[in-house]
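J.: Since the structure of chain A is provided, determine the placement of chain B on it from the hints.
Read top to bottom, the protein sequences are chains A and B. Residue numbers for the first sequence, in numbering that gives the first Met the number 0: 0 to 130. Residue numbers for the second sequence, in numbering that gives the first Met the number 0: 0 to 86.
Note that these hints are calculated values from the structure, not bench results. Relax, there's no trap hidden among the hints.
Below are the DMTMM-like pairs computed for lysine to aspartate or glutamate, each with C-alpha atoms no more than 25 Å apart in a straight line:
1) K6(B) - E34(B)
2) K17(B) - D103(A)
3) K70(A) - E51(A)
4) K84(B) - D103(A)
5) K17(B) - D78(A)
6) K55(B) - D78(A)
7) K17(B) - E82(A)
8) K55(B) - D42(B)
9) K5(B) - D63(B)
10) K17(B) - E108(A)
11) K69(B) - D36(B)
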Amino acid sequence: MDVQPLPHAFPFRFADGVVERTGPAQGRVRATVTADAAAVRATGFPAAALAELVAQSALLLAGGDAALSRKGFLAGLSDFSVERLPEPGDVLLVDVTLAGRLGDAVKFEGVVTDGDGGAVARGAVTVKQGT
Amino acid sequence: MPDDLKKRVKELIVRQLKLEMDPAAIADEAPLFGEGDGGLGLDSIDALELVLGVEKEFGIKVQDEEVGVKAFASVNALCDFVRAKAA
Chain A
0 MDVQPLPHAF
10 PFRFADGVVE
20 RTGPAQGRVR
30 ATVTADAAAV
40 RATGFPAAAL
50 AELVAQSALL
60 LAGGDAALSR
70 KGFLAGLSDF
80 SVERLPEPGD
90 VLLVDVTLAG
100 RLGDAVKFEG
110 VVTDGDGGAV
120 ARGAVTVKQG
130 T
Chain B
0 MPDDLKKRVK
10 ELIVRQLKLE
20 MDPAAIADEA
30 PLFGEGDGGL
40 GLDSIDALEL
50 VLGVEKEFGI
60 KVQDEEVGVK
70 AFASVNALCD
80 FVRAKAA
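Okay, chain A solo, but in the shape it has when bound (with noise of 0.2 Å):
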């Protein structure tokens, strides 16, 4: 498993790693739910940080780089739906498939889903790469 650190720092790092790539920008990211990462908010993992997740997994498997610092950021948000908010303890897969690009602005969907299969979130989310 290719294992790759985010340029977030706790407690806004969510991505744990790219589990597959299927093709360029997109593939399958692993977030493991820590207690911390709940404590973000006093009322646990907030479903807007479910956006972010997927917008720190597209940009991981879009090259980014912690060496490199900061590669992008969450721009915009499309039809994106919460099932359910995560607890500590879940192991989350984001699948990521690229929508389109136009210069620095890249759009990407994604569907995030528990350990069991069970549907978590999914929408589209809009990123602006850069730092």
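T.: Same frame as chain A, now just chain B:
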């Protein structure tokens, strides 16, 4: 059929960008990007959404360099671009 194309393009802009406005209210020559006279003030994220919408709606491929020059400058320009690509 040119008016049909303009109507289709305006409806596509409103639908794809989830704008809360009447498609007919978009002026044919108004700039789509920036805050020019009567412009829609779209940004680079909107541009990507619009490109994806145009590609899907008209079955054409838009290259990076074609956007932001003149192809997407206005509804009229976009109609000209679609006609040329479809020809």
